[in-house]
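2 protein chains.
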Amino acid sequence: MTYCVGLWLEQGLVMLADTRTNAGVDHISTYSKMYTAVVPGERVLCLMAAGNLAITQAVWSRLSEGVLLDGEKQTLHGVGSMFRAAQLVGAAIRAVYEVDGPMLRAQDVRFDVSIMLGGQIAGGPQRLYLLYAAGNFIEATTDTPFLQIGEHKYGKPILDRALSHATRLEDGVTLTLVSMDSTLRSNLTVGLPLDLLVYEANSLQVRLQRRITEEDPYFHDLRERWSTALREAYRQMPAPDWL
Amino acid sequence: MTYCVGLWLEQGLVMLADTRTNAGVDHISTYSKMYTAVVPGERVLCLMAAGNLAITQAVWSRLSEGVLLDGEKQTLHGVGSMFRAAQLVGAAIRAVYEVDGPMLRAQDVRFDVSIMLGGQIAGGPQRLYLLYAAGNFIEATTDTPFLQIGEHKYGKPILDRALSHATRLEDGVTLTLVSMDSTLRSNLTVGLPLDLLVYEANSLQVRLQRRITEEDPYFHDLRERWSTALREAYRQMPAPDWL
Chain R
1 MTYCVGLWLE QGLVMLADTR TNAGVDHIST YSKMYTAVVP GERVLCLMAA GNLAITQAVW
61 SRLSEGVLLD GEKQTLHGVG SMFRAAQLVG AAIRAVYEVD GPMLRAQDVR FDVSIMLGGQ
121 IAGGPQRLYL LYAAGNFIEA TTDTPFLQIG EHKYGKPILD RALSHATRLE DGVTLTLVSM
181 DSTLRSNLTV GLPLDLLVYE ANSLQVRLQR RITEEDPYFH DLRERWSTAL REAYRQMPAP
241 DWL
Chain X
1 MTYCVGLWLE QGLVMLADTR TNAGVDHIST YSKMYTAVVP GERVLCLMAA GNLAITQAVW
61 SRLSEGVLLD GEKQTLHGVG SMFRAAQLVG AAIRAVYEVD GPMLRAQDVR FDVSIMLGGQ
121 IAGGPQRLYL LYAAGNFIEA TTDTPFLQIG EHKYGKPILD RALSHATRLE DGVTLTLVSM
181 DSTLRSNLTV GLPLDLLVYE ANSLQVRLQR RITEEDPYFH DLRERWSTAL REAYRQMPAP
241 DWL
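Protein sequences, first through last, are from chains R and X. Residue 243, in full-length UniProt numbering, is where the first sequence stops; the numbers in between run on with no holes. Residue 243, in full-length UniProt numbering, is where the second sequence stops; the numbers in between run on with no holes.
A portion of the hints provided could be inaccurate.
Claimed, not checked - Counterexamples of contact, computed for chain R against chain X with all Cβ distances above 10 Å: (1) G71; (2) Y97; (3) T144; (4) L222.
As the list claims (entries may be wrong) - Partner residues aside, some chain R positions facing chain X, computed with beta carbon under 10 Å: (5) Y31; (6) A91; (7) E98; (8) D100; (9) L104; (10) H165; (11) A166; (12) L169; (13) V173; (14) S182; (15) M237; (16) D241; (17) W242.
Because the hints were derived from the structure by calculation, they are not lab data. A quick note: this is a predicted structure, and the numbers were derived from the prediction, not measured. Positions of the beta carbon are idealized from the N, C-alpha and C atoms, including for glycine.
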């Protein structure tokens, strides 16, 4: 499986993905699930993918080579808006489905892919989308400023409680790492290293793209501190008066 | 869906279940998912069920009427050990499967049931089992002192971090309620009120069985405090030095 989380904050975007893929528990590999298309000063696009690795890689390859959109072959470096970019990724998913869908269905393999797309293109606002296997998509809003794909349940409670659209960008990074940590601890199919991208709204350049490994001193320290803080928090809870 | 969690602690057992059942989001009801068979001084058995409500109710009805085990009709009030009790519940599941399985399969409905069974019978130790739809089962151990059924992912991280077999019984109650709270907040198909049973090891009587409603002052306070504690905990996390 996979866990990817994206935040759409006033101050910018935070995108975080794990790198574990598995075809059964005895076939585990490390693959980056994060793809970027960046032209500094003009566009920053970041994609994160979950699902069948052959499908997500095929989608990315098609996007690199160009996908037909409204009769014209386009790439993420060419589209004029984030909405068009989401449509293009959707078109790439549909193109892969046309080729691989029938055989996958014949072999009872689900066409399993979901893609998060965040970024900004000059002249438009920053946006964060979640695309489904059908190529259609939803968008993050001020009410729901985060989107998740893959193993999303373990890491959702802390986001539900602590995150809002007004959360500072730095705090957003910490929150996604805490959310990821909960997932890493409880689910073996999500694994280190992590890929992190931080984008400051309207900057049109990547503020930070970082591979976070097991040895990253900050993440290591954060995991320890968070565990300790959680254990302490529960110890401070009063005992039931009815027990 | 459902969320039930059971703890197998040195000091005793904690069993906690929500009460929401749903057949689609527009058909939501409240049903207790906790069943008990108690003879003070002799036996305390507590069952919690997840899955298809028609199946779990059928299992419970069969257990009440008696189920064939080794050629003899038996009930939870008669079996001589917790292991036999688990076998009896398994036999009840299989008996329901024999009657309803073929028609459910014909209509593409999964035979979906899982049951947790905790308790103690005089002469043996307290034990905690998780039974699958096939009627087979696993048991909690000192390495894995908690079991979950239903929507288990949201509430697992805090248990993974904070719970051990040596956790005090009172702390175990708090932990299960915190674990349940995370699930309630993040998943609409799990809902209040809750059914809680607390059993002290070797007491052979129920220490507490309580229905916890929205108005329960302790649980209400705990939820607020836990949310505040989590938000404060993440605010105390240092910002990344590489950002």
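Hints, one by one, checked against the model:
Distance check for G71 of chain R against chain X: the nearest CB is about 40 Å away, which clears 10 Å, and the non-interface claim stands. The beta carbon of Y97 of chain R is kept farther than 10 Å from every beta carbon of chain X, the shortest such distance being approximately 24 Å. Once the 10 Å rule is applied to beta carbons, T144 of chain R is consistent with being away from chain X; the minimum gap is 13 Å. For L222 of chain R, the shortest C-beta to C-beta distance to chain X comes to about 6 Å, within the 10 Å cut-off, and the non-interface label is violated.
Annotation: Y31 of chain R was flagged as interfacial toward chain X, and the flag is violated, the nearest CB pair being 23 Å apart, outside 10 Å. Residue-level restraint check for A91 of chain R is violated (minimum Cβ-Cβ distance to chain X is 32 Å; threshold 10 Å). The restraint placing E98 of chain R at the interface with chain X is violated, with a minimum CB-CB distance near 28 Å, outside the 10 Å limit. Given hint, D100 of chain R at the interface with chain X, is violated; its Cβ is 26 Å from that chain's nearest Cβ, farther than 10 Å.
With a least beta-carbon distance of about 21 Å to chain X, the hint placing L104 of chain R at the interface is violated under the 10 Å criterion. Violation of the interface hint for H165 of chain R is found here, the shortest Cβ-Cβ separation to chain X being roughly 16 Å, above the 10 Å cut-off. Annotation: A166 of chain R was flagged as interfacial toward chain X, and the flag is violated, the nearest CB pair being 14 Å apart, outside 10 Å. Nearest Cβ of chain X to the Cβ of L169 of chain R: about 8 Å, under the 10 Å cut. The hint holds.
Checking V173 of chain R against chain X: minimum C-beta separation of about 6 Å stays under 10 Å; hint holds. The beta carbon of S182 of chain R is positioned within 10 Å of a beta carbon in chain X (closest approach about 4 Å), and the interface hint is therefore held. Because the beta carbon of M237 of chain R sits about 5 Å from the nearest beta carbon in chain X, less than 10 Å, this interface hint is met. Here the hint on D241 of chain R is kept, as its CB sits about 6 Å from the closest CB of chain X, short of 10 Å.
Annotation: W242 of chain R was flagged as interfacial toward chain X, and the flag holds, the nearest CB pair being 6 Å apart, inside 10 Å.
Hint violations for this structure: numbers 4, 5, 6, 7, 8, 9, 10, 11, all remaining hints satisfied.
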